[in-house]
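Q: Residue numbers (the numbering used here), protein chains in the order written: chain A, 1 to 256; chain B, 1 to 303.
Note that these hints are calculated values from the structure, not bench results. The reader is advised that the hints may include incorrect statements.
[As the list claims (entries may be wrong)] Some chain A residues well away from chain B (every beta-carbon gap over 12 Å; in silico):
(1) Leu16
(2) Ile61
(3) Ile156
(4) Leu157
(5) His241
[Said to hold, decoys possible] Computed list of lysine-lysine pairs in DSS-like fashion (alpha-carbon distance at most 30 Å, straight line):
(6) Lys83(A) with Lys13(A)
(7) Lys83(A) with Lys52(B)
(8) Lys236(A) with Lys52(B)
(9) Lys32(B) with Lys196(A)
(10) Lys52(B) with Lys62(A)
(11) Lys32(B) with Lys35(A)
[As the list claims (entries may be wrong)] So these bits of chain B aren't anywhere near chain A, every CB distance computed over 12 Å:
(12) Val11
(13) Lys32
(14) Lys52
(15) Ser103
(16) Thr110
(17) Thr141
(18) Ala151
(19) Arg154
(20) Thr158
(21) Asn210
(22) Ser245
(23) Ser283
(24) Asp286
(25) Lys294
(26) Asp295
Keep in mind the model is a prediction, meaning the values are calculated, not measured. Even for Gly, the Cβ is constructed at its ideal location relative to N, Cα and C.
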Amino acid sequence: MSYQQGQFPVISKANLAKNIFDLTILCPEIAANTKPGQFVHIRVPGHILRRPISIAGFDAIKGTIRIIYEIRGEGTQILADLKAGDMIDILGPLGNGYILPERERRCVVVGGGIGVPPLLPVAEHFGANATAILGFRSAQAAILEKDFEKAGAKTILCTDDGTLGQKGFVTNALEQLLLSECPDCICACGPLVMLKKVAEIAAAHSIPCQVSLEERMACGVGACLGCAVQIRREGKEQYLHVCKDGPVFYSEEVVF
Amino acid sequence: MADLRVEIAGVSFKNPVIPASGAFGFGHEYEKLYPLSKLGGISVKGMTLNQKDGNPPPRIAETPMGMLNSVGLQNPGIDYFLEKELPYLAGKETRIIANVAGSTVEDCVTMVKKIEGSAVDMIELNISCPNVKQGGAAFGTSCESAAGITAAVRKATTKPLMVKLSPNVTDITAIAKAVESEGADAVSLINTLLGMRIDINSRRPVLKNNVGGMSGPAVFPIAVRMVWQVANAVQIPVVGMGGISSAEDAIEMMMAGASAVQVGAAIFTDPYAPVKIIDGISSWLDCKGIASVKDIVGTVQPW
Ligand SMILES: Cc1cc2nc3c(=O)[nH]c(=O)nc-3n(C[C@H](O)[C@H](O)[C@H](O)COP(=O)(O)OP(=O)(O)OC[C@H]3O[C@@H](n4cnc5c(N)ncnc54)[C@H](O)[C@@H]3O)c2cc1C
Ligand SMILES: Cc1cc2nc3c(=O)[nH]c(=O)nc-3n(C[C@H](O)[C@H](O)[C@H](O)COP(=O)(O)O)c2cc1C
Ligand code: FES
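Given only the sequences and the hints, what does the whole structure look like? Please build it.
A: What follows is the structure, encoded as structure tokens:
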């Protein structure tokens, strides 16, 4: 794993939905080293701790990465004010991404809300062999549907209120899908309750499943041991670290 | 170019800037950004006799210009350090400070005996960790227990012994004098201040441990005051830390009486902070025409 820290220019900014922003950043060295599922640690002016945000896209040729984030508090509020031409201080790429089999395999990605963006590079890897089950609160909160379709993925949308796609949870759609299909792997990102349910469904179908976890971070690189998660590995439960050992873990290892 | 070398308890450091224990792991993560040989020394993650899991998450909370942590001394144990980490670190041309914490005096004695023949340059006896139930700060908050553990560890090691003090006390100078009189070669301060944050929506503390240690720029004035008080109370060298995030902060801390400084939370904001602080001290000294960084130690002129 190699990473770097520096100030990089924001190339473009878009507003994808209420309080959700999409930045493209020019940082060729980071773009060239990124794998699906990794994240960057972003410095927020006036704050001591950086904010971890997943890499939602990377283009080694253009030298850019894309990040998509929702306003959740003071830090993301400040990041929401960034505009094209501003500099952003990032440390990355960090963490281990999803371990992806060859693109001929079939993969189902399951994303909930702001957990959807990091799954886009996964879907792009599998192209037409990917099925994306994406869940949102409502049609207004939906993001990236077009991007997943463009990647070639068969896309199933779910909303809590039924204003877009199926009404209900992504986990219902996943169970439905697995009645007729048997993918080689599942990759998920979203709220913990959703990940837990996805893990149970995957286990019941004996499909290898990887989930991306969140925890509060300080260093982002594995030095401070702040971002602990309980993982069952080698027969014992232990605290591993989201930034260094994750953020992606095999769901069977996670002590939910 | 100003002379940045300092000497603490007979150990020479190429410059006075040392990443603080717990902020820098065992160095691997930051070596990907710059060579460790740039640093005056490294105070490694606090270690216990046996491997320790640490506290349940969340372990990190942000505060205005600061942070709380309740990591709880998660570490692989002293044997792992000596076998797996130290041989690697020993070749890095920087000073290695072993941060030692125990839940009993006997644990600490056993640990320093294990360290005795190793490449460790200095022991930093941590009697000030606020995040563990036994030992830790319990040793550092009364003069008797601080003196007792220092005396026992002193007898068990010939390595230079620095004792790391807790700010969570009424009179830090009394503790400093107690450890000095039992043979400490230096003191380092401050460890974190006990703090708490509550999520008003869930009415739950942000940290699963409820309380945690506060550090970062917000604690800097407290740290400067305590370093100044301790430096005036003892003869042994003082290593100052707590909220240092710039060369100016480091210089201020040294003027208060610190012979060297440690940098913790600032590394999370800017991983290059220690290196920038070293360079900044050097250019400040050059600019002022001061030949050696030693010449600024304790030079504050109180009113
Ligand atoms: C590996 C990883 C990838 C992530 N990817 C994305 C992404 O692509 N898009 C996105 O919108 N969000 C993502 N998040 C969540 C994002 O980090 C938080 O929403 C953000 O840190 C909140 O900061 P704040 O200052 O707005 O909130 P505040 O609540 O004011 O933050 C206070 C402190 O808590 C931390 N914190 C709060 N919520 C979280 C959280 N859910 N996870 C980790 N730390 C948190 C903050 O970093 C900060 O240190 C990711 C988190 C992790 C761990
Ligand atoms: C995440 C974290 C972990 C820490 N772990 C240790 C430790 O293991 N041993 C120790 O003596 N101090 C530990 N400390 C305290 C620091 O070494 C330092 O005393 C304190 O943070 C004040 O400095 P700062 O404001 O520059 O961070 C830790 C601090 C932080 C933030
Ligand atoms: S944030 Fe420091 S170890 Fe993960």
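Q: Hints first: check each against the structure and report whether it holds.
A: Now for the hints, and whether the structure bears them out:
1. Distance to chain B confirms Leu16(A) as a non-interface residue, since its nearest Cβ pair spans about 26 Å, more than 12 Å.
2. Distance check on Ile61(A): its Cβ is at least 25 Å (rounded) from any Cβ of chain B, clearing the 12 Å threshold; non-interface status holds.
3. Chain B leaves Ile156(A) outside its interface by the beta-carbon criterion, the shortest separation being 32 Å against a cut-off of 12 Å.
4. Its beta-carbon lying about 29 Å from the closest one in chain B, Leu157(A) satisfies the requirement of being farther than 12 Å from that chain.
5. Separation of His241(A) from chain B is inadequate, the least Cβ-Cβ distance of about 9 Å not exceeding the 12 Å criterion.
6. At most 30 Å may separate the alpha-carbon atoms for a hinted pair to count; Lys83(A) and Lys13(A) meet this at roughly 6 Å.
7. With a C-alpha separation of about 45 Å, the suggested pairing of Lys83(A) with Lys52(B) is violated against the 30 Å cut-off.
8. Using a Cα cut-off of 30 Å, the hinted pair Lys236(A) and Lys52(B) holds, with the two alpha carbons roughly 14 Å apart.
9. Taken as a hint, the Lys32(B) and Lys196(A) pair is broken in the structure, with Cα atoms around 35 Å apart against an allowance of 30 Å.
10. Distance hint between Lys52(B) and Lys62(A) is unfulfilled; the C-alpha atoms sit about 45 Å from each other, more than 30 Å.
11. This hinted pair checks out: Lys32(B) and Lys35(A) have alpha carbons roughly 18 Å apart, not beyond 30 Å.
12. Its beta-carbon lying about 24 Å from the closest one in chain A, Val11(B) satisfies the requirement of being farther than 12 Å from that chain.
13. With a least CB separation of 6 Å from chain A, Lys32(B) falls inside the 12 Å interface cut-off, contrary to its annotation.
14. The Cβ of Lys52(B) sits about 10 Å from the closest Cβ of chain A, inside the 12 Å cut-off, so the non-interface label is violated.
15. Every C-beta of chain A lies more than 12 Å from that of Ser103(B), the closest at about 18 Å, which supports listing it as non-interface.
16. Against chain A, the non-interface label of Thr110(B) holds: every CB pair exceeds 12 Å, the least being about 23 Å.
17. With a closest Cβ-Cβ approach of about 24 Å to chain A, Thr141(B) is found to remain outside the 12 Å limit, as its non-interface label requires.
18. Taking the minimum C-beta to C-beta distance to chain A, about 31 Å, the non-interface status of Ala151(B) holds against the 12 Å cut.
19. At roughly 29 Å from the closest C-beta of chain A, the C-beta of Arg154(B) stays outside 12 Å, upholding its exclusion from the interface.
20. Every C-beta of chain A lies more than 12 Å from that of Thr158(B), the closest at about 30 Å, which supports listing it as non-interface.
21. The claim that Asn210(B) lies off the interface holds: its Cβ sits roughly 15 Å from the closest Cβ of chain A, which is beyond the 12 Å cut-off.
22. Listed as a non-interface residue, Ser245(B) fails to keep its Cβ farther than 12 Å from every Cβ of chain A; the least gap is roughly 9 Å.
23. The Cβ of Ser283(B) sits about 21 Å from the closest Cβ of chain A, beyond the 12 Å cut-off, so the non-interface label holds.
24. No Cβ of chain A comes within 12 Å of the Cβ of Asp286(B); the nearest lies about 26 Å off, and the non-interface call holds.
25. Annotated as non-interface, Lys294(B) keeps its C-beta farther than 12 Å from every C-beta of chain A; the closest such distance is 30 Å.
26. Residue-level check passed: Asp295(B) sits 32 Å from the nearest beta carbon of chain A, beyond 12 Å.
Violated hints, in rising order: 5, 7, 9, 10, 13, 14, 22; the structure is consistent with all others.
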